[in-house]
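Respectively, the protein sequence lines represent chains W and U. Residue 20 in the numbering used here is what sits at position 20 of the first sequence, and the numbering runs on without skipping anything. Residue 135 in the numbering used here is what sits at position 93 of the second sequence, and the numbering runs on without skipping anything.
I should point out that these hints are in silico values taken from the structure, not numbers from a laboratory. It cannot be assumed that every hint is accurate.
[To be verified] Some chain W residues close to chain U (C-beta under 7 Å, calculated; not the full set):
#1 G14
#2 W16
#3 D27
#4 I29
#5 T30
#6 R31
#7 S32
#8 L33
#9 T34
#10 A35
#11 G36
[Said to hold, decoys possible] Here are some of the chain U residues that sit facing chain W, going by a computed Cβ distance under 8 Å:
#12 S59
#13 L62
#14 A65
#15 S67
#16 F68
#17 P69
#18 S74
#19 W185
#20 S187
#21 S188
Owing to the predicted nature of the structure, the values given are computational and were not obtained by experimental measurement. Heads up, the beta-carbon is just placed ideally off N, CA and C, and yes, glycines get one too.
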Amino acid sequence: MGTKGWQLQAALEGNWRRTSSSLAYYDAITRSLTAGLTLRTP
Amino acid sequence: MVLGARRRQGERLRLRSQFLASATSFPSVPDSLDADYRDLSLALGANLALDLPLALDLESGVQLRRYRDLDPPVDTPWLWTSLRLSRPLGERTGLRLLTSRRWQLAPGADDLLSLTESGLDPGELLWDGWQVEAGLQRLGRRWRSSLTVGWLAAEYAAEPGSSARHDESLQTALACSRI
Chain W
1 MGTKGWQLQA ALEGNWRRTS SSLAYYDAIT RSLTAGLTLR TP
Chain U
43 MVLGARRRQG ERLRLRSQFL ASATSFPSVP DSLDADYRDL SLALGANLAL DLPLALDLES
103 GVQLRRYRDL DPPVDTPWLW TSLRLSRPLG ERTGLRLLTS RRWQLAPGAD DLLSLTESGL
163 DPGELLWDGW QVEAGLQRLG RRWRSSLTVG WLAAEYAAEP GSSARHDESL QTALACSRI
């Protein structure tokens with residue numbers, strides 16, 4: 001609050017999941033990048 | 043991108059867009075399955091914070107997934123739209139309810155159907171349907187944690203002329219991230 005202007009946002013994330021079923025289990029690994037631009041108004 | 047504009051005291055409308063690029067691999071699945079994929083997505087959303095302790099959020103987006111190890115590589119796009127209601131339950135705790143609908147735009151590629159039948163989590167593959175989630179989130183000084191319970195009703199891609207397989211499932215997720 002009280003500031004204005006553009007702000008670039010970016011995030012790197014890692015995610016690991018283990019899934020099991022009646023057949024077997026397996027792992028899934030996801031690497032992701034998200035990006036956005038923010039305009040702040042006072 | 044988030045654009046903010048105050049409408050009146052205590053009420054705020056924000057518009058935003060977000061770009062996502064990700065890569066997913068399955069290290070314990072045989073390489074011959076060629077299940078690894080990459081995603082690109084673009085989402086547009088609007089968030090309205092009301093005078094009540096309640097916020098509404100509407101989001102729509104398009105996502106493109108590429109199975110680059112298949113021969114030839116397969117691209118599969120889908121659209122989604124979601125509605126989220128959230129409200130605080132305390133100074134650092136929040137509750138959210140979310141419902142979303144997804145439309146697969148190009149089902150039916152044989153290689154993708156074989157993945158669907160391979161035993162991998164079908165929720166990661168081709169489906170049309172509804173998803174409903176309820177989640178609690180708590181903000182600490184350095185950490186954000188959340189617990190989510192969801193219900194998924196999915197109808198999977200089918201070969202031309204055959205009925206699509208239908209699944210319903212319950213999902214839970216516990217997530218923790220550093221702020």
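How the hints compare with the structure:
1. At its closest, the beta carbon of W/G14 sits 10 Å from a beta carbon of chain U; the interface hint therefore is violated under the 7 Å criterion.
2. Of the supplied interface hints, the one on W/W16 is violated, with its beta-carbon coming no nearer than about 10 Å to a beta-carbon of chain U, more than 7 Å.
3. A distance limit of 7 Å between C-beta atoms decides the matter here; for W/D27 the minimum to chain U is near 5 Å, and the interface restraint holds.
4. Restraint check, W/I29 versus chain U: the minimum CB separation of about 5 Å is within 7 Å; hint holds.
5. At a threshold of 7 Å, the smallest CB-CB gap from W/T30 to chain U is about 4 Å, leaving the interface hint in force.
6. For W/R31, the interface hint holds, since its Cβ comes within 7 Å of a Cβ in chain U; the closest pair sits about 5 Å apart.
7. The beta carbon of W/S32 is positioned within 7 Å of a beta carbon in chain U (closest approach about 3 Å), and the interface hint is therefore held.
8. Annotation: interface hint on W/L33 holds; nearest CB of chain U at approximately 5 Å, less than 7 Å.
9. For W/T34, the shortest C-beta to C-beta distance to chain U is roughly 5 Å, which falls under 7 Å, so the interface hint holds.
10. At a threshold of 7 Å, the smallest CB-CB gap from W/A35 to chain U is about 5 Å, leaving the interface hint in force.
11. Nearest Cβ of chain U to the Cβ of W/G36: about 5 Å, under the 7 Å cut. The hint holds.
12. Hint status for U/S59: holds, given a least beta-carbon distance of 7 Å to chain W, under 8 Å.
13. Residue-level restraint check for U/L62 holds (minimum Cβ-Cβ distance to chain W is 5 Å; threshold 8 Å).
14. About 5 Å separates the beta-carbon of U/A65 from the nearest beta-carbon of chain W, less than 8 Å, and the hint is met.
15. The beta carbon of U/S67 is positioned within 8 Å of a beta carbon in chain W (closest approach about 5 Å), and the interface hint is therefore held.
16. Annotation: U/F68 was flagged as interfacial toward chain W, and the flag holds, the nearest CB pair being 5 Å apart, inside 8 Å.
17. With 8 Å as the threshold, the beta carbon of U/P69 comes within range of chain W, its nearest partner Cβ sitting at about 6 Å, so the hint holds.
18. Here the hint on U/S74 is broken, as its CB sits about 14 Å from the closest CB of chain W, past 8 Å.
19. The interface hint given for U/W185 is broken, as the beta carbon of that residue sits about 15 Å from the closest beta carbon of chain W, more than 8 Å.
20. Checking U/S187 against chain W by beta carbon gives a least distance of about 15 Å; that is not within 8 Å, so the hint is violated.
21. The interface hint given for U/S188 is violated, since its Cβ lies 13 Å from the closest Cβ of chain W, which is over the 8 Å cut-off.
Hints 1, 2, 18, 19, 20, 21, counting from the list given before, are not met by this structure.
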